[in-house]
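Enquirer: Chain by chain, the residues run as shown.
Protein chains: 2
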Amino acid sequence: MPIFATRPAASVASLGEQRLIGHVRRWLGDTSPRAPFGIGDDCAVLPPARRAQLVTTDPVIYGRHFDAGVPARQVGAKLLKRNLSDIAAMGGRPVAAVISLALAPETSHAWLRSFYLGLAATARHYRMQIVGGDITEAPAGFFGAFLTLQGEAGGRHIVTRSGARAGDRIYVTGRLGGSRLGGHYRFIPRLREGAWLAGRPEVRAMMDLSDGLAKDIGSLTGPGLTPALCAPAIPVSPAARRLARRTGREPLAHALCDGEDYELLFVVRGRSAPAAFEAAWRRRFPRTPLTRIGLFAPLGQPWAGALDLAPYHGYEHLR
Amino acid sequence: MPIFATRPAASVASLGEQRLIGHVRRWLGDTSPRAPFGIGDDCAVLPPARRAQLVTTDPVIYGRHFDAGVPARQVGAKLLKRNLSDIAAMGGRPVAAVISLALAPETSHAWLRSFYLGLAATARHYRMQIVGGDITEAPAGFFGAFLTLQGEAGGRHIVTRSGARAGDRIYVTGRLGGSRLGGHYRFIPRLREGAWLAGRPEVRAMMDLSDGLAKDIGSLTGPGLTPALCAPAIPVSPAARRLARRTGREPLAHALCDGEDYELLFVVRGRSAPAAFEAAWRRRFPRTPLTRIGLFAPLGQPWAGALDLAPYHGYEHLR
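As you go down the protein sequences, you meet chains A and B in turn.
Every letter in the first sequence is one number past the one before it in this note's numbering, and letter 144, counting from 1, is 144.
Every letter in the second sequence is one number past the one before it in this note's numbering, and letter 78, counting from 1, is 78.
Quick caveat, the hints were computed from the structure, so don't treat them as lab data.
Heads up, some of the hints might be wrong.
Just so you know, same-sequence chains aren't split out, so a pair can sit in one copy or run between any two.
[Unchecked claim] In silico lysine to aspartate or glutamate, EDC-like type, Cα no more than 20 Å apart, as pairs: (1) Lys215 with Asp67; (2) Lys215 with Glu137; (3) Lys215 with Asp308; (4) Lys215 with Glu17; (5) Lys215 with Glu250; (6) Lys215 with Glu202; (7) Lys215 with Glu106; (8) Lys215 with Glu152.
Sequences are here, hints too, so could you generate the full structure?
Expert: Have a look at this one:
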């Protein structure tokens with residue numbers, strides 16, 4: 001189904017704003033409460049929050065995050081899942097989202113319906129609400145959906161990106177690379193895993209992988225530290241191997257650089273017992289791979305045989 | 001200062017994402033707390049909220065909400081003020097915002113700096129914080145900034161758009177129309193007024209005027225009601241009169257239809273004493289005009305001499 005309609009009658013412009021908003025409410029259905037708790041007043045009203053709150057914002061833009069080949073439902077689902085992955089990375093629970101659309105007048109009504117149905121199905125699955133938004137006309141050929149997601153802290157503490165120390169072990173969930181073969185629509189945000197990790201006292205720092213391990217590991221690497229990763233331990237996905245056969249690059253390069261893995265990268269206190277931690281993980285998440293991929297070494301004391309990350313660049317935006 | 005640079009070295013693309021984010025942090029300065037309470041982690045962390053929360057989202061898009069003639073600082077200020085006006089309309093207090101940018105790679109670094117300085121100055125003035133965001137590359141020629149603002153309920157109760165009854169009086173702050181002569185950058189969100197009104201038991205419903213009185217009044221008009229407005233009472237701004245001399249339309253049409261007034265439109269219980277309410281207003285806000293412009297009549301019982309709104313259309317988006 002094309003995102004932009006060729007017949008004016010099939011475009012959102014033929015509806016006008018008021019009727020379009022009425023449609024959006026129906027498409028969102030029970031995931032959108034009545035005003036003032038949902039769409040329809042100057043602000044959405046949310047109840048007081050007893051726990052610390054988490055806020056994140058990520059968009060999907062046509063031509064950048066998706067193209068004409070991607071079903072609209074998957075685009076709507078991905079918009080929310082990208083943001084859910086950020087909540088997962090701090091061990092939180094999602095609560096409510098608002099979505100600001102900027103769309104060309106020729107945007108297809110049918111495409112937008114599928115987009116919202118995908119968004120609503122995902123919101124329902126994660127037991128959260130879409131409480132408001134805005135729709136604004138954009139120049140021809142443009143479609144962007146900008147979502148802001150609010151969550152609440154899940155466990156005993158919020159796990160941030162800082163806190164790693166020398167000797168701490170580095171772990172990653174799932175398998176990395178090759179997401180452009182479809183994985184960046186099919187991924188499942190690691191909310192349950194993130195919440196469990198936030199309740200474990202040995203977990204010191206965490207983030208989700210969006211720009212590739214080689215780049216993202218830098219965000220966990222505090223001053224005075226250097227990551228010492230073990231190349232053979234990096235969990236390379238089957239998709240990365242398939243992609244490598246096409247591109248002629250090594251599979252490891254795809255695992256390190258591709259981006260959009262949406263797996264959790266986290267750091268466990270060096271003086272804890274790895275076997276007990278890993279056994280507890282396997283009992284709780286028997287189907288989610290967990291891999292110890294290295295440790296943080298003191299800067300200037302490189303680990304013999306550690307992977308040299310310099311030749312690998314993660315995804316750099318605006319380049 | 002042009003929004004898009006002609007020399008590549010003057011564009012944001014020449015910086016790359018990481019350095020650009022570093023600049024943004026410096027431009028925001030003390031309005032953006034350190035991670036995880038501000039920019040730099042997967043989510044921003046906000047403290048628990050004891051009161052009901054308010055959430056709203058509104059963008060500014062190049063070519064739609066502003067053009068090349070508007071100083072970048074005013075664009076940044078307007079982005080926040082549009083959202084502040086929504087918080088004001090429910091009697092709330094602003095707390096924290098996140099901003100998602102979609103910008104063409106050729107966006108001027110110097111222009112973006114002024115935009116953020118305008119945003120930061122406004123945030124500082126209203127004692128609120130910019131806690132996070134996202135920057136994504138957009139197609140050539142596009143600049144959009146999508147802000148989500150979180151606030152908290154201010155007074156005893158939250159004033160919504162619903163609640164008007166037959167016999168209730170309709171009031172508006174300020175003077176209406178002609179905002180395109182510059183008023184839609186210079187306006188002051190009515191936060192103090194909104195908070196005061198939310199504390200008055202006789203105020204039943206409220207909204208801010210963004211699409212013009214003739215259209216927006218519909219949002220306060222509950223089932224079984226019709227607005228009976230007194231044409232000579234509508235406070236027509238000097239800008240609307242100046243604009244009318246250019247357009248050849250009547251000044252009242254500009255006051256009813258222009259949009260972007262960002263004044264408060266609200267409804268006061270019919271059985272309260274108007275003189276006491278209006279006197280209390282003048283004591284509290286001696287410099288903010290307050291005008292009683294009509295009342296809500298029962299549907300089917302039109303008020304003799306009431307303004308017929310049918311010929312006036314407010315701003316309809318996506319048309």
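Enquirer: Hint by hint, say whether it matches the structure.
Expert: Hint check:
no.	hint	verdict
1	Lys215 with Asp67	neither (25 Å within a copy, 37 Å between copies)
2	Lys215 with Glu137	between (35 Å within a copy, 18 Å between copies)
3	Lys215 with Asp308	within (12 Å within a copy, 63 Å between copies)
4	Lys215 with Glu17	between (42 Å within a copy, 12 Å between copies)
5	Lys215 with Glu250	within (17 Å within a copy, 61 Å between copies)
6	Lys215 with Glu202	neither (24 Å within a copy, 58 Å between copies)
7	Lys215 with Glu106	neither (38 Å within a copy, 24 Å between copies)
8	Lys215 with Glu152	neither (28 Å within a copy, 38 Å between copies)
This entry does not satisfy hints 1, 6, 7, 8, going by the numbered hints stated previously.
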